[in-house]
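Novice: Generate coordinates for the entire structure from the input sequences, incorporating the hints supplied.
If you're matching positions, the sequence shown starts at 191 in the numbering used here and goes up one per residue.
Hints are computed from structural coordinates only; laboratory data are not their basis. Take the hints with a grain of salt, since some may be wrong.
[Claimed, not checked] Capping the alpha-carbon separation at 30 Å, the derived lysine-lysine pairs in DSS-like fashion look like this: (1) 322 / 356; (2) 413 / 356; (3) 282 / 413; (4) 413 / 361; (5) 361 / 322.
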Amino acid sequence: MTLDAAAPYLPFLIALVACLYSSVGHGGASGYVALLSLTTLSSGSVKVTGLTLNLVVATIAFLAFRQARHFSWSLTWPFLLGAAPFAYLGAKLELSERAYFTLVGIVVTWAGIRLLLSRVDKEGEEFEASPKPVVGLGIGTGVGLLSGMVGVGGGIFLSPILVLSKWADAKRSSAASAIFIVSNSAVGLFARAGSGLDVPPNMIWLIIGGGAGALVGSWVGAKHLPVSWLRRVLGIVLLVAAVKLLTK
191 MTLDAAAPYL PFLIALVACL YSSVGHGGAS GYVALLSLTT LSSGSVKVTG
241 LTLNLVVATI AFLAFRQARH FSWSLTWPFL LGAAPFAYLG AKLELSERAY
291 FTLVGIVVTW AGIRLLLSRV DKEGEEFEAS PKPVVGLGIG TGVGLLSGMV
341 GVGGGIFLSP ILVLSKWADA KRSSAASAIF IVSNSAVGLF ARAGSGLDVP
391 PNMIWLIIGG GAGALVGSWV GAKHLPVSWL RRVLGIVLLV AAVKLLTK
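Specialist: Structure below.
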């Protein structure tokens, strides 16, 4: 199936992806990339559009989770510092169309499985202290490099690391992932600016759709309803999209 990149319903689909992702503190790049890769847009345009939407949505999500007092700077800074230069390096690496869609398909598959298998934190569960800075720097470099290559913010990798390592609960992980995504997305866009930013003609409507979805999703995720059911639905959607990407 191929979607029309200028279709009037595309902003609504973007809004849905933004709503679902922002509810767990993510920008949604893997979702946008999966969706836009099914259109007639080039891989370059898909990367730039995904990163732009990622930056907008993750910024809104970060502000919501920070306002709800879930953000910890001491937890987050080593990951940010390690990721930034390698996200730039990854964004500079040129991939063939085939390699790009294969790598994106693998990333989207990982995101889908992670969302389907993620567990809900138990009430009052204890979490361990933040990792040593050198550990955070090391993890940040790896996640930053892969994020830059694929054109995502890296939250789909950082969140499970934080939760499974018991360095953060779901809310704290969401806040850390959001600002991590903002940083990597900005670096990725800056790295691609030198060769020109290829954006679709209806970009402003995609941004409006993503922003609207993020306002709703981050508000729900940070302050109100549990997000476990959203993760399951999104996980299924991503796995379906991954199959299409890997066979594109």
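Novice: Take the hints in turn and mark each one as holding or not.
Specialist: Verification of the supplied hints:
1. 322 / 356: holds, 13 Å
2. 413 / 356: Given that 30 Å is the threshold and the Cα spacing comes to 22 Å, the pair holds.
3. 282 / 413: violated, 38 Å
4. 413 / 361: holds, 10 Å
5. 361 / 322: Holds, at roughly 21 Å.
In summary, the structure is inconsistent with hint 3 from the numbered list given earlier, while agreeing with all the others.
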